[in-house]
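Got chain A sorted already, so can you dock chain B onto it with the hints?
Protein chains in written order, with our numbering: chain A, 1 to 679; chain B, 1001 to 1115.
Please keep in mind that the hints were generated in silico from the structure rather than gathered at the bench.
Watch out, some of these pointers could steer you wrong.
Claimed, not checked - Listing some non-contacts, in silico: residues in chain B with all C-beta distances to chain A over 10 Å:
hint, residue
1, Gln-1006
2, Glu-1016
3, Ala-1021
Said to hold, decoys possible - In silico PhoX-like pairs for lysine-lysine, Cα to Cα no more than 25 Å straight-line:
hint, chain 1, residue 1, chain 2, residue 2
4, A, Lys-181, A, Lys-203
5, A, Lys-130, B, Lys-1072
6, A, Lys-181, A, Lys-128
7, A, Lys-128, B, Lys-1072
8, A, Lys-84, A, Lys-44
9, A, Lys-171, A, Lys-207
10, A, Lys-130, B, Lys-1071
11, A, Lys-128, B, Lys-1071
12, A, Lys-223, A, Lys-209
13, A, Lys-44, A, Lys-644
14, A, Lys-511, A, Lys-44
15, A, Lys-181, A, Lys-196
Unchecked claim - On the chain A side, residues computed to face chain B include the following (Cβ under 10 Å):
hint, residue
16, Ser-95
17, Asn-96
18, Leu-97
19, Asp-256
20, Leu-295
21, Gly-301
22, Phe-391
23, Arg-395
24, Leu-400
25, Gly-404
26, Pro-504
Every residue gets a Cβ at the ideal spot worked out from N, C-alpha and C, and that includes glycine.
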Amino acid sequence: MTGSEIPVIALSGNPNSGKTTIFNNLTGGRQHVGNWPGVTVEKKEGTTRFEKTEMKIVDLPGTYSLTAYSIEEMIVRDFITGEKPDVVVDVVDASNLERNLYLSTQLIELGAPVIIALNMIDVAESRKIKINIPLFHELLGVTAVPMVGVKNIGTDELKSAMFKAANGALKPRSTKVNYGKEIEEEIEKLEEEIRKDESVSEKVVGKYKSRWLAVKLLEGDEKVLDEIENLSGTESGIKKRLEASTRHLSSIYGEDIETVIVDNRYGFISGIIREAVDRRFVKPDTTSDRIDNILASRTLGFPIFALFMWLMFFLTFFVGKYPMNWIDGLIRGIGNLISSNITNPAWLKSLLVDGVVGGVGSVLVFIPQVFILFFFISILEDTGYLARAAFIMDRIMHWLGLHGKSFIPMVMGFGCNVPAVMATRTLENETDRIITILINPLMSCTARLPIYALFTAAFFAGNQGTITFSLYLLGIILAVLMAKLFRRFLFPGMGEPFVMELPPYRLPTIKGTFIHMWERGSMFLRKAGTIILAGSVVIWFLSYMPPGAKYGSSQSIAGIIGRAIEPVFKPLGFDWRAAIALLFGFVAKEIVVSAFGTILGVGENREMISRGLKGFFNPLSAYSFMVFTLLYTPCMATAAVIRKETGSRKWTAFAIGYSFVLAWVVAFIIYRCGLLLGL
Amino acid sequence: MSQNEQIPLAFLTEGEVGTVAGFRGMRHQGTRSEGEYSREAKQYRRGHLHHSDRGHRIEHRLQQMGIQVGKKIRVIANNAPGPILVASGDTRICLGRGLAMHIMVRLDTHSPEVS
Chain A
1 MTGSEIPVIA LSGNPNSGKT TIFNNLTGGR QHVGNWPGVT VEKKEGTTRF EKTEMKIVDL
61 PGTYSLTAYS IEEMIVRDFI TGEKPDVVVD VVDASNLERN LYLSTQLIEL GAPVIIALNM
121 IDVAESRKIK INIPLFHELL GVTAVPMVGV KNIGTDELKS AMFKAANGAL KPRSTKVNYG
181 KEIEEEIEKL EEEIRKDESV SEKVVGKYKS RWLAVKLLEG DEKVLDEIEN LSGTESGIKK
241 RLEASTRHLS SIYGEDIETV IVDNRYGFIS GIIREAVDRR FVKPDTTSDR IDNILASRTL
301 GFPIFALFMW LMFFLTFFVG KYPMNWIDGL IRGIGNLISS NITNPAWLKS LLVDGVVGGV
361 GSVLVFIPQV FILFFFISIL EDTGYLARAA FIMDRIMHWL GLHGKSFIPM VMGFGCNVPA
421 VMATRTLENE TDRIITILIN PLMSCTARLP IYALFTAAFF AGNQGTITFS LYLLGIILAV
481 LMAKLFRRFL FPGMGEPFVM ELPPYRLPTI KGTFIHMWER GSMFLRKAGT IILAGSVVIW
541 FLSYMPPGAK YGSSQSIAGI IGRAIEPVFK PLGFDWRAAI ALLFGFVAKE IVVSAFGTIL
601 GVGENREMIS RGLKGFFNPL SAYSFMVFTL LYTPCMATAA VIRKETGSRK WTAFAIGYSF
661 VLAWVVAFII YRCGLLLGL
Chain B
1001 MSQNEQIPLA FLTEGEVGTV AGFRGMRHQG TRSEGEYSRE AKQYRRGHLH HSDRGHRIEH
1061 RLQQMGIQVG KKIRVIANNA PGPILVASGD TRICLGRGLA MHIMVRLDTH SPEVS
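Chain A with its partners taken away, still in its complex shape (with noise of 0.2 Å):
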């Protein structure tokens, strides 16, 4: 620990061994815990107390080892070597050491801090896996934690542990992979090189072991490789070195040192399990299997899944309508209320009922719907079945050049396309990401449900199920040619293998499951509270101004405005006023709505909305604004979200570009040939 600076802890460990868990644990702090690989894909960051000291926990990605491979595995070496954290939790399955091994393995040869926090010991007890922790620490040379992160087990001796190694009372011995005489022999030859060249030793020995660099450099680890030659120059000894030792090595293993060095790290942990594990009685775990062989076989998997999916939005909205009700009643209640109390000053009363009643209101009538929907995905992820759509339907995937992977967002989008544009950091390849992203947008999300619902009450009244069902369809269809013609036209080639790890079937608790539908279902409550109500005030204001000039009439700024962009959404069908509404739902969409009830100025009744509305939309051209407004440019965050997915403002601008333009097109080629149809 250095001076009076608090000490520093890093978590990592694989996908799915219980990492997020435990730091939620550790901190206290309410964070996603999902089911599918890679879920913990941002640094998150939290404090913890131990005998009154306080510990920094930073939760790092997921990864099975810190090879130079991956952006995941590349944060967390770095992280380890540059931040030179105080002690490195490591979060290890004991259900499945053999690979949660491995990533220790590489974190105790770096030479960080390792402490084991030995997850799952009740699974691998129900299964018969008996682990002799006394000597299994002393085989690995590091303290490891029995734990139970799902039922809070064991998390006061984990922190004693952090507490004890950040104060440097628990010292981890040294351990070494031993990789066999002739590599040994290389190692040493490199090393000895390594701490020759001053130029290498003075600034990477203090980051990096000398050993850790040498074995790194026999596997080919380019970033290493660039590293050196960075200090030393491409003619450097240990260049000269590298390339003998190579030689030497590939005359004796063939080609490839890599898979021997793997192979080697492979047989030390054999070994440590051998020793330490005793798996004479195991059970494989076969419910998920067994789960699996109907869930995801060939002839049931597909019909099932749709099914699901019918079922969850067959609930979203037939459930969801009820609660709908009261909660209309309840600000209807308000906005009463609002006006029969307060009649002077005009303005006043006017920005309370129209714009902040008739705005926030008319979209949090939609919360029961919101947190319905995302109750069902939470459901999805926290049972490990979304994981298991991806499998069932990367055979369409494939169809599109992508895979099974980038349909987990797809889902999620449904929900919100924010998470859900992050959520494609678990695809490996670039291309497949920023196509998955560049789609995303077109599935249709929660903040566009009020705006279908207050068109089809108004027009398609009886018809309102089958109007919805064609609009999500039609953003997954258009999300398929999209995808189809990105690949064939800005990414010719092809993208990356499919492989991912399942998760085993778990039986999500009704606790963690409510938890994550608060969290995700109280974004869409908190953007009411501010980015709308805000949207909705301006356009209050907008509506109002300049005085003299009748409410919402084209007089107001607001009619100056929409009639200055109208001869953009003329062709479309729209007038000016959807054209304002249009402009301001880019903040978020749901704002569509609430610009309606306050430029109409009869705030949130919808059944007003609906009357004002058949003003100015006919049938036609009321479903070619919702299919407009299903399309057309992503709301800021989510746009705010590509660009930091992305890390480009060329494809930033890419997605807001081209959706407007798809909305344009596609919407144009609606109502023109309604109206050729004599619709």
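Quick look at chain B alone, frame taken from chain A:
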């Protein structure tokens, strides 16, 4: 089929067990187009990708997940012509068909259970 014959993992049906014998043609799988090549090169320079050999990377990923030479792999579901779901030890892995064609296994006729 003789027990020593190597067949692609993709050919195994549900419930069959095979021992991984090696990877075939993974390092040179497919040919990259000019555009793809220069894009990868760009990612590499930007520091996003540190190994330009794609096949290498994939083989490594498989090893990390537990598909290593000598390991017994059991097929849980084979959605031909779609992906294949396999078990290696305690890990369940979903593999694209193309990839499963490159993993060579020896069919295990006697062992119904993966060790």
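Comparing the hints with the structure gives:
1. Gln-1006: holds (18 Å)
2. Glu-1016: holds (13 Å)
3. Ala-1021: holds (14 Å)
4. A:Lys-181 x A:Lys-203: violated (29 Å)
5. A:Lys-130 x B:Lys-1072: Given that 25 Å is the threshold and the Cα spacing comes to 22 Å, the pair holds.
6. A:Lys-181 x A:Lys-128: Status violated; Cα separation ~37 Å.
7. A:Lys-128 x B:Lys-1072: Distance ~21 Å between Lys-128 (chain A) and Lys-1072 (chain B) Cα, so the pair holds.
8. A:Lys-84 x A:Lys-44: holds (17 Å)
9. A:Lys-171 x A:Lys-207: Within the cut-off at roughly 18 Å; holds.
10. A:Lys-130 x B:Lys-1071: Holds - the C-alpha atoms of Lys-1071 (chain B) and Lys-130 (chain A) are around 22 Å apart, at most 25 Å.
11. A:Lys-128 x B:Lys-1071: holds (22 Å)
12. A:Lys-223 x A:Lys-209: Answer holds: Lys-223 (chain A) to Lys-209 (chain A) is near 15 Å, not above 25 Å.
13. A:Lys-44 x A:Lys-644: holds (16 Å)
14. A:Lys-511 x A:Lys-44: holds (22 Å)
15. A:Lys-181 x A:Lys-196: holds (23 Å)
16. Ser-95: holds (6 Å)
17. Asn-96: holds (4 Å)
18. Leu-97: OK, holds: Leu-97 (chain A) within 10 Å of chain B, min 9 Å.
19. Asp-256: Holds. Min distance 9 Å.
20. Leu-295: holds (9 Å)
21. Gly-301: Holds. Min distance 7 Å.
22. Phe-391: holds (5 Å)
23. Arg-395: Since the shortest Cβ distance to chain B is 3 Å, the answer is holds.
24. Leu-400: violated (13 Å)
25. Gly-404: Holds. Min distance 6 Å.
26. Pro-504: Cβ of Pro-504 (chain A) sits 7 Å from chain B, so the hint holds.
Violation of the numbered hints given earlier is confined to hints 4, 6 and 24; the remaining hints are satisfied by the structure.
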